[in-house]
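2 protein chains.
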Amino acid sequence: MRRIEIYDTTLRDGAQSEDVSFSVEDKLLITKKLDDLGVHFIEGGWPGANPKDVLFFQEMRKVSLKSARLVAFGSTRKSRNKVSDDPNIQALLHAGTEIVTLFGKTWDLHVFDALGITLKKNLDIISDSVSYLKEKGIRVFYDAEHFFDGYLARPEYAVKTLETAQAAGAECLVLCDTNGGMMPWQVREILTVIRKTFRGPLGIHTHNDSEMAVANALTAVECGIEQVQGTVNGFGERCGNANLCSILPNLKLKMNINCISDEQLKHLFDVSRFVSEIANLPHNKHQAYVGEAAFAHKGGIHVHAVRKKAETYEHIVPGKVGNRQRVLISDYGGRSNLLEKAREYKINLTADHPRLDEILANLKDLEHRGFQFEGAEGSFELVMKKALGRHKRFFKLVGFRVIVEKRQESEDSLAEATIMVEVNGQVEHTAAIGSGPVNALDNALRKALEKFYPVLSDVKLLDYKVRVLSAGAGTESKVRVLIESGDGETTWGTVGVSENIIEASWQALVDSIEYKLLGRQS
Amino acid sequence: MRRIEIYDTTLRDGAQSEDVSFSVEDKLLITKKLDDLGVHFIEGGWPGANPKDVLFFQEMRKVSLKSARLVAFGSTRKSRNKVSDDPNIQALLHAGTEIVTLFGKTWDLHVFDALGITLKKNLDIISDSVSYLKEKGIRVFYDAEHFFDGYLARPEYAVKTLETAQAAGAECLVLCDTNGGMMPWQVREILTVIRKTFRGPLGIHTHNDSEMAVANALTAVECGIEQVQGTVNGFGERCGNANLCSILPNLKLKMNINCISDEQLKHLFDVSRFVSEIANLPHNKHQAYVGEAAFAHKGGIHVHAVRKKAETYEHIVPGKVGNRQRVLISDYGGRSNLLEKAREYKINLTADHPRLDEILANLKDLEHRGFQFEGAEGSFELVMKKALGRHKRFFKLVGFRVIVEKRQESEDSLAEATIMVEVNGQVEHTAAIGSGPVNALDNALRKALEKFYPVLSDVKLLDYKVRVLSAGAGTESKVRVLIESGDGETTWGTVGVSENIIEASWQALVDSIEYKLLGRQS
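So the protein lines, in turn, are chains A and B. Residue numbers for the first sequence follow my numbering, so the first one is 1 and each next one is one higher. Residue numbers for the second sequence follow my numbering, so the first one is 1 and each next one is one higher.
Be a bit skeptical, because a hint or two may be false.
Copies of the same chain look alike in the list, so a pair counts if it fits in one copy or across any two.
Heads up, simulated BS3-like pairs for lysine-lysine below, C-alpha to C-alpha not over 30 Å straight-line [unchecked claim]:
#	residue 1	residue 2
1	386	451
2	451	33
3	254	320
4	308	160
5	134	447
6	346	32
7	33	285
8	121	308
9	478	447
10	346	385
Since the hints were derived computationally from the structure, they do not count as laboratory data.
Using the sequences plus the hints, can you model the full thing?
See the structure below:
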């Protein structure tokens with residue numbers, strides 16, 4: 001079985017998307033997920049262009065990956081610099097990765113108009129830059145920027161740049177459709193020529209400006225290349241990069257090509273949602289393979305047929321990518337899923353449990369109201385424990401009041417919360433300020449409860465996310481609040497939904513505390 | 001120049017999308033837009049399955065289209081019915097269109113498992129149904145459902161169904177990848193055979209379940225077919241249909257094929273947005289060709305090069321599809337960008353203006369503090385006007401207080417805001433409730449100001465977004481609030497940033513109001 005290597009650039013090219021801005025922490029989390037998914041290379045960033053990426057590569061020195069190789073990305077040297085003095089090249093060395101991807105110019109238009117140098121000088125730059133890193137013991141992949149446009153404009157020169165990079169020691173030559181303008185038959189025509197010319201690994205890096213990124217990447221695979229580059233969910237500048245969430249299942253299930261394992265492919269749906277969540281973007285429900293609607297059947301003929309035999313209207317078995325069939329009216333796929341989740345949480349729930357239907361109905365209702373339990377599995381566990389009578393109350397809210405006050409235009413708003421809780425018949429009434437209303441409420445609640453449960457002093461809120469659910473309703477929109485908490489040993493996510501952001505935050509805060517206190521008991 | 005006919009099914013297959021539900025009025029509006037765009041066929045609905053569609057075809061009898069032909073869609077007769085008694089076929093006759101598209105079964109799996117009839121009987125059904133409509137003087141297109149899956153399973157039978165439809169009088173045979181599972185090279189292989197077998201028009205109808213719908217449709221065009229079916233924005237069941245917003249420019253600009261005129265193609269961006277608007281869905285900004293981000297450049301090397309020569313990072317001239325280049329404000333990176341933006345806002349700002357550096361420094365500082373002016377160009381304009389002394393105060397805040405109170409665990413939180421503002425020496429003190437704290441503050445501020453500025457009653461908040469900026473800081477995180485406002489004529493975005501969500505929302509609300517009131521004066 002033929003094998004293809006997967007090169008993920010979500011953290012670098014994906015982060016070029018207008019809507020995406022990853023923190024270093026976000027990048028570390030995503031790196032771990034990508035490693036679990038089984039991609040072979042993870043391009044972590046461009047240390048020469050982005051100070052945040054320098055920090056990421058520093059942090060990554062402490063992390064050991066299971067199987068993926070971390071890659072730093074950067075430009076060939078600037079024309080005015082000696083390679084050993086070029087700050088960008090030096091930044092790549094300092095990133096400390098085993099592999100570096102260097103990009104250089106292929107298209108004469110760019111050599112003349114963007115760089116303003118001669119064609120010969122551009123070849124020198126490519127050669128210098130690649131061989132310098134090779135001498136330092138680094139494996140080099142070479143990204144031929146605008147390869148296809150360059151080839152169409154001046155084929156012999158485009159090939160010359162590849163030959164130069166290869167001669168200097170680049171081990172994989174990656175052909176880029178940087179502007180995303182190619183049609184699949186153009187890719188096929190050009191690749192057929194190039195494949196004959198070059199021994200050794202070739203890669204493909206495509207953009208989606210003509211809605212052809214996936215088709216172009218896989219056409220290149222058909223022509224015999226070895227490496228495919230892309231991003232999770234197709235994130236990327238303009239119209240995005242080639243979408244690995246489509247490429248991976250197409251490779252495995254349609255082309256019978258080895259890249260990640262069957263087991264890893266089953267995590268694709270989760271990885272796709274996870275990356276959307278971290279990027280704080282709504283997950284595209286119509287996305288091929290991993291959208292929530294990808295195997296959803298709306299009614300009539302399709303539902304009827306699909307119930308008799310799924311392949312009548314489903315091109316693959318949804319479970320192979322971790323997705324599932326949804327019949328929009330009545331969902332019978334839920335039980336086994338729920339049992340699986342229960343097992344995951346070590347909750348004893350069997351298929352014949354009398355409350356199973358009730359839990360399912362409750363979950364469906366919560367989802368309908370805007371709750372979402374990916375990234376909030378703490379809340380999910382509480383829902384199940386409540387239904388099974390394995391939940392316990394730790395405090396009772398008597399009431400709270402949150403006040404935000406602005407006394408003068410030039411002054412910042414002040415936030416204060418008062419709260420009254422009851423624990424074992426004892427009432428605690430206290431108050432706290434905060435940087436905003438949610439922070440004030442959080443502070444007041446902890447202050448009131450730590451007296452009874454000192455263990456809560458270990459709990460920190462690590463992240464707080466707000467998502468407006470019903471776009472188009474102005475400030476009356478429903479919001480979903482996701483909170484990530486940790487106690488130094490483990491982390492857990494909780495969720496709340498309301499038209500009132502304070503109420504939604506309250507639900508998530510209470511879940512976070514209950515999860516911690518319950519966990520200690522089991 | 002070769003010519004391809006465009007068949008739009010936004011109103012039928014597009015409306016099968018989980019999120020789309022068009023009223024008859026919506027359909028009439030979209031039909032007019034599609035006719036202006038120059039598509040050749042508009043599939044209006046399935047009168048035999050949907051009572052709303054019956055009404056639509058009735059209404060359409062009063063409408064005359066410029067050049068498009070209206071088409072009614074429906075199934076071949078049910079196996080138990082005589083064709084003249086089949087309600088679905090009768091509904092097609094009553095629709096009163098010149099053309100009808102009939103779909104029938106190609107795949108033996110469906111004939112056996114979905115219909116439960118013999119292969120022979122299925123051929124009779126196709127033959128009867130097509131010839132009956134032909135006898136009534138109707139032009140018939142034949143949709144071969146699951147053609148590709150059927151061909152792979154039993155090629156000779158799949159071909160037989162086409163021959164049957166053609167013999168019965170179908171003038172165009174449309175090959176459908178109903179489940180969206182095909183790869184472009186499979187389409188090419190099969191089409192190459194079919195094209196040799198059949199004289200007369202062939203069409204292609206593809207779905208996007210493998211992210212290949214556009215590639216598959218255009219591969220079929222490469223193989224010599226005559227008609228392409230698709231939907232605006234790729235709307236459709238599951239992962240959607242082939243996206244005409246990518247197909248049309250690819251045909252015209254990449255393949256040099258005649259379909260709609262150059263002038264009509266310039267309306268593509270508007271049509272795409274219009275259909276999203278009518279469907280009440282957010283427009284996908286990353287969509288190829290017609291997304292707002294399709295020609296947006298974020299920074300560094302790209303912006304620099306694209307200014308020198310647009311084709312360095314743009315695969316087509318954006319104006320050809322009615323889109324435009326955007327240099328994102330966040331990367332104003334310098335003076336020329338700012339001057340360009342000023343021109344756009346009709347602010348007289350020249351390169352030698354004494355305050356130019358000050359404005360730049362101020363913008364950089366705001367961005368550093370978390371402001372972002374993409375999607376908040378209203379606030380951006382105010383920043384510039386303030387710096388140029390072209391800003392005016394419309395009210396002074398004396399103070400506000402927002403209170404969120406929860407009195408019992410089982411009750412929802414209540415939100416109330418009080419506010420005191422001063423306009424021309426007159427103080428207004430009022431209060432309002434809301435579904436949450438921001439909504440309450442918004443209500444109170446409007447209530448206080450509408451007394452002085454009645455024009456504000458036209459202003460509606462259309463969208464409200466919250467983004468947590470510094471992930472990892474728990475509830476102390478900074479938040480950025482983006483508000484989209486509109487007055488029925490135009491819309492504008494404003495932004496606020498603070499650790500306190502109420503304060504951030506306040507900033508954006510004030511900007512929204514000032515933008516509206518200032519606009520009236522200039």
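Against the structure, the hints:
no. : hint        : verdict
1   : 386 <-> 451 : within (25 Å within a copy, 51 Å between copies)
2   : 451 <-> 33  : neither (38 Å within a copy, 55 Å between copies)
3   : 254 <-> 320 : within (12 Å within a copy, 36 Å between copies)
4   : 308 <-> 160 : between (58 Å within a copy, 26 Å between copies)
5   : 134 <-> 447 : neither (58 Å within a copy, 69 Å between copies)
6   : 346 <-> 32  : within (24 Å within a copy, 49 Å between copies)
7   : 33 <-> 285  : both (21 Å within a copy, 27 Å between copies)
8   : 121 <-> 308 : between (66 Å within a copy, 21 Å between copies)
9   : 478 <-> 447 : both (29 Å within a copy, 22 Å between copies)
10  : 346 <-> 385 : within (11 Å within a copy, 61 Å between copies)
The structure is inconsistent with the numbered hints 2 and 5, although it conforms to all the rest.
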